[in-house]
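Got chain A sorted already, so can you dock chain B onto it with the hints?
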Amino acid sequence: QKEVEQNSGPLSVPEGAIASLNCTYSDRGSQSFFWYRQYSGKSPELIMFIYSNGDKEDGRFTAQLNKASQYVSLLIRDSQPSDSATYLCAPFQGTGRRALTFGSGTRLQVQP
Amino acid sequence: EAGVAQSPRYKIIEKRQSVAFWCNPISGHATLYWYQQILGQGPKLLIQFQNNGVVDDSQLPKDRFSAERLKGVDSTLKIQPAKLEDSAVYLCASSYRGEYNSPLHFGNGTRLTVT
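Residue numbers (my numbering), protein chains in the order written: chain A, 58 to 169; chain B, 17 to 131.
Bear in mind the hints are in silico, worked out from the structure with no lab data behind them. In this text, a Cβ means the ideal position worked out from N, Cα and C, and glycines have one as well. Where hints are given, some of them may not hold.
[Unchecked claim] Per the computed footprint, the stretches of chain B lying under chain A, defined by three or more beta-carbons under 8 Å from a beta-carbon of chain A, are: (1) 46 to 59; (2) 96 to 103; (3) 116 to 122.
[What the hints assert, rightly or not] Partial chain A-side listing against chain B, Cβ under 10 Å, derived: (4) 61; (5) 73; (6) 87; (7) 89; (8) 99; (9) 103; (10) 138; (11) 139; (12) 143; (13) 147; (14) 155; (15) 157.
Okay, chain A solo, but in the shape it has when bound (with noise of 0.2 Å):
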């Protein structure tokens, strides 16, 4: 199984519309979660981070954590065609390595 799992994509969404991202983790000692943008031949940037079960808002983004099922989940409300890019899933994992294990990413496509 591997430690961090997401859909390869592409995911495809008309402009204006919610994408909707998702990530699950093997580890249950991981403590946060971070979601990154990486646009083509870019390194990854940091979107936002969530450590506590529920919803946490800033803009535009949603990220979603139920740490019971393992899932975390990025929205993307209103997308439009600059969101196009890979989206990464990064547990902090608490146990053992103290750093990020990054997921292979989702690739979204904002159709205009």
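Coordinates of chain B only, in the frame set by chain A:
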């Protein structure tokens, strides 16, 4: 706030040659990471430093890769000898404390091509 600086941006070498990458983290950040990102994959941790001590190098191929962080600031990552499968982007990142609520900030990366 200046970001994480990396050099060079690109490097092309032949297999069995050696190469070195340099990283300067954000000022005041105690934790420094080197990640390897192969095309189509997420970044994979190679080594993590806390100040000038190694926290985790369990995924570093130590027969060919080495890294150091002298004086707890700049860091270098070296590959000797390089293999074809080392072709990847090498990302340096830093964080303030390396804790669960301390985000990583990435540099622009070094794209290595081994021919």
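To see whether the hints hold, each was checked on the structure:
As drawn, the segment 46 to 59 of chain B meets chain A at 6 residues by the rule of a beta-carbon pair under 8 Å; at three or more, the given contact holds. A count of 0 residues in the segment 96 to 103 of chain B with a Cβ less than 8 Å from any Cβ of chain A is obtained; the coverage claim is therefore unmet, three being the minimum. With 6 residues carrying a beta carbon less than 8 Å from a beta carbon of chain A, the segment 116 to 122 of chain B meets the three-residue requirement, and the given coverage holds. The restraint placing residue 61/A at the interface with chain B holds, with a minimum CB-CB distance near 7 Å, inside the 10 Å limit.
Proximity of residue 73/A to chain B is violated relative to the hint, the smallest CB-CB distance being about 29 Å (cut-off 10 Å). Checking residue 87/A against chain B by beta carbon gives a least distance of about 9 Å; that is within 10 Å, so the hint holds. Interface restraint check for residue 89/A: the shortest CB-CB distance to chain B comes to about 4 Å, inside 10 Å, so the restraint holds. Satisfaction of the interface hint for residue 99/A is found here, the shortest Cβ-Cβ separation to chain B being roughly 8 Å, below the 10 Å cut-off.
Here the hint on residue 103/A is kept, as its CB sits about 5 Å from the closest CB of chain B, short of 10 Å. At about 22 Å, the closest approach between the beta carbon of residue 138/A and any beta carbon in chain B exceeds 10 Å, and the interface hint on this residue is violated. For residue 139/A, the interface hint is violated, the least distance from its beta-carbon to any beta-carbon of chain B being 19 Å, above 10 Å. Annotation: interface hint on residue 143/A holds; nearest CB of chain B at approximately 9 Å, less than 10 Å.
Hint on residue 147/A holds. Least Cβ distance to chain B is approximately 8 Å, under the 10 Å limit. Given the 10 Å rule on beta carbons, the hint for residue 155/A holds: about 7 Å separates it from the nearest Cβ of chain B. Taking 10 Å as the C-beta cut-off, the interface hint given for residue 157/A holds, the closest approach to chain B being about 6 Å.
In the structure shown, a violation is registered for the earlier hints numbered 2, 5, 10, 11, in ascending order.
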